[in-house]
Amino acid sequence: MDEIVKGGSWVEVHRIVLEAGERAPQVPEDTKKVPLEMRVKGYLKKDAKVGDEVEITTAVGRTVTGKLTAVNPPYDHGFGEPIPELIPIGKEVKRIIDERGDKGRRGR
Amino acid sequence: MSTIDMGYDAVMAKKGEVMKSSVGIDYDAFKTGPVSFDYEGMMTKTGYDLKRVFEIQSETAVGNTPLVELKNITALVRAVSPRGKGARIFVKDEAQNPSGSFKDRRASVSVYEAKEKGYPGASAATSGNYGAAVASQAAKWGLPAIIVQEAFDGRGIAQPEIAEKTRACEAYGAEVIRLSVGPELFYVFLLILMETGYFNASLYTPFSVLGIETLGFEVATEIKEREGHFPDVVVATHAGGGNVTGTGRGLIKAGASGTKLVAASVDLSGLHMASDTDFNRKSFTTGHTGFGIPFATWPDRADVPKNAARPLRYMDRFVTVTQGEVFYITQALAELEGMERGPAGNTSLAAAFAIAWEMAEDEIVVVQETEYTGAGKHPIAQLNLAKKMGIEVKRGDPKENVPGVRIVIPEDPSQITAVDVDLDRLRRSYYKNALENIEDREKITDDEIRFLAEDTKTTPDYVKEAVGLK
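Order-wise, the sequence lines are chains A and B.
Numbering of the first sequence is given in the numbering used here, commencing with residue 836 and proceeding in unit increments.
Numbering of the second sequence is given in the numbering used here, commencing with residue 6 and proceeding in unit increments.
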């Protein structure tokens with residue numbers, strides 16, 4: 836990844852806030868084994884490469900330093916596959932109202 | 006080079022000072038004893054009464070959401086309940102607020118206060134709907150906003166609901182600081198407040214709780230106007246305590262002091278809230294017992310010295326439901342009422358379904374919120390993550406549910422159960438926490454006892470007996 840990322844690009848930086856050995860005393864054991872990490876997005880101040888220590892200007896105008904990890908990072912959360920355990924519920928509850936309930940009351 | 010120590014211990018030691026300047030409240034002024042403080046004084050001396058809050062909220066189109074009777078959900082309850090049982094269920098469609106949840110009410114007064122007092126911006130430590138609400142209100146009032154989130158685990162896996170909140174906050178123009186799991190989020194938040202001088206739009210200030218009073222007030226007055234009497238029961242999803250507190254206060258201000266207020270949380274017992282490995286074994290990021298129990302038994306664990314959200318003052322009953330039950334009712338709501346809403350808001354609907362089952366047909370139960378839904382913030386996204394994390398998902402009896410191990414989607418609506426949390430146990434735990442630092446029993450005066458009674462909706466005799474002074 837030697838490609839130059841242009842200054843002004845929308846990017847994400849990553850930084851370790853607290854190393855694994857520096858975690859707060861009340862933190863459970865599994866969390867103590869990993870560092871406290873931070874990711875922030877903003878505009879890259881100067882041309883750089885992915886992996887470089889860089890400065891960015893965030894949405895509110897703060898300067899944040901960190902390792903350049905992503906350029907124009909996507910929002911990749913979604914829905915995924917339909918859940919077979921949820922699919923039949925609608926039909927089931929309508930049938931229950933029709934068979935066991937007062938269907939004349941539906942929607943009234 | 007500056008030599009100011011910005012390390013963890015040094016910054017945490019400045020907490021009191023930073024909080025005082027970032028919320029602009031001198032909490033010491035309300036202190037009346039080692040435990041007691043003038044709660045009503047703190048709530049009224051902020052300069053906002055109910056009328057003013059309504060005015061502020063109307064300026065940004067917050068509140069006045071539709072109150073919808075869920076006639077088909079009610080028909081479903083009656084189809085599975087004993088003859089004569091099955092109360093009418095209504096829902097306050099809070100998803101219609103500008104950023105899609107009742108949290109706009111909480112953010113509205115805070116951001117207005119930040120603007121009025123000349124703060125250069127607003128910041129909040131939150132991974133949920135509240136971040137989007139602060140970002141949305143800040144956008145409206147022309148203030149910059151920074152939201153600090155606990156967003157991903159040590160493997161870099163983001164909680165899908167929080168990923169959606171990141172997107173929403175950024176859509177409103179906010180800066181989002183995403184952190185891995187851990188309570189040291191608060192350290193980062195303090196650093197941000199110190200660096201920027203922004204207002205701390207905490208969930209636990211009087212501003213935040215006053216903003217929710219309008220919700221309780223609207224629920225009570227609208228039902229009364231329509232049906233001629235106040236609702237018999239209002240169910241509120243409970244986490245940090247603000248929702249229950251603000252709603253309870255609003256009901257009382259409307260005159261509905263006979264309405265029973267039920268707090269409902271998703272049961273996540275056994276999962277540690279600060280655990281990196283448990284983080285993505287939860288399908289709910291709020292409205293669960295991981296916040297609901299500790300914030301009931303010790304409200305002053307919050308970021309501000311005295312928490313304005315004091316749920317035991319207002320709740321008449323506290324119940325839990327399971328993750329699978331909430332997913333089931335979320336699907337039923339979409340297909341029976343044509344309302345696709347987010348699962349966290351439907352926690353109280355699942356509880357209301359079970360509670361309506363016990364109530365008479367002519368009684369009314371109101372679910373006081375819904376929330377928006379969408380990518381990440383949806384049962385499909387959560388159950389796909391759960392399956393990926395090795396959690397079993399199956400149809401069956403919700404009693405077989407084990408948080409972090411097995412999610413059981415009910416086979417029949419009659420299986421939905423509201424499991425009571427023992428309020429006496431919670432109150433005793435609260436008294437223990439409150440009195441922990443008082444070694445000298447003589448200092449536990451009648452004033453302290455009276456405060457503890459008011460703070461837990463009991464009597465001084467009850468408190469005395471519970472703490473062994475009788």
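Keep in mind the hints are simulated off the structure, nothing from the lab.
Among the clues, some could well be false.
To be verified - Output of the computed footprint for chain A on chain B, the stretches with three or more beta carbons under 8 Å from beta carbons of chain A: (1) 81-88; (2) 231-241.
Stated by the list, open to error - Straight-line alpha carbon distances no greater than 20 Å define the calculated PhoX-like cross-link-like pairs of lysine-lysine that follow: (3) Lys36/B - Lys399/B; (4) Lys399/B - Lys926/A; (5) Lys122/B - Lys25/B; (6) Lys50/B - Lys122/B; (7) Lys76/B - Lys926/A; (8) Lys929/A - Lys76/B.
Unchecked claim - Okay, the calculated beta carbon distance ranges per label pair: (9) Arg306/B - Glu854/A: 19 to 29 Å; (10) Ser63/B - Ala855/A: 41 to 51 Å; (11) Lys881/A - Ala66/B: 36 to 46 Å; (12) Glu888/A - Val407/B: 25 to 35 Å; (13) Thr49/B - Asp911/A: 46 to 56 Å; (14) Lys122/B - Arg850/A: 30 to 40 Å.
All C-beta atoms in this analysis are idealised placements derived from N, C-alpha and C, irrespective of residue type, glycine included.
Consistency of the hints with the structure:
Against chain A, the stretch 81-88 of chain B contributes 4 residues with a C-beta closer than 8 Å to a partner C-beta. That satisfies the three-residue criterion, and the hint holds. Requiring three or more residues with a Cβ within less than 8 Å of a Cβ of chain A, the coverage given for the stretch 231-241 of chain B is violated, as only 0 such residues are present. As the CA atoms of Lys36/B and Lys399/B are separated by approximately 52 Å, the hinted pair breaks the 20 Å bound. Proposed proximity of Lys399/B and Lys926/A is supported: the alpha carbons are some 18 Å apart, at most 20 Å.
Taking the CA atoms of Lys122/B and Lys25/B, the gap is near 14 Å; set against the 20 Å cutoff, the hint holds. Using a Cα cut-off of 20 Å, the hinted pair Lys50/B and Lys122/B holds, with the two alpha carbons roughly 15 Å apart. At most 20 Å may separate the alpha-carbon atoms for a hinted pair to count; Lys76/B and Lys926/A meet this at roughly 17 Å. Among the hinted pairs, Lys929/A with Lys76/B is consistent with the structure: their alpha-carbon atoms are about 13 Å apart, no more than 20 Å.
Under the hint 19 to 29 Å, the C-beta atoms of Arg306/B and Glu854/A, about 26 Å apart, fit the expected range. Against the hinted window of 41 to 51 Å, the Cβ-Cβ separation of Ser63/B and Ala855/A comes to about 50 Å, which satisfies the hint. The given range of 36 to 46 Å is respected by Lys881/A and Ala66/B, whose C-beta atoms sit roughly 42 Å from each other. At about 45 Å, the beta-carbon gap between Glu888/A and Val407/B misses the expected band of 25 to 35 Å.
A hinted range of 46 to 56 Å holds for the C-beta pair Thr49/B and Asp911/A, which are about 47 Å apart. Here the CB-CB span from Lys122/B to Arg850/A is close to 32 Å, well matched to the stated 30 to 40 Å.
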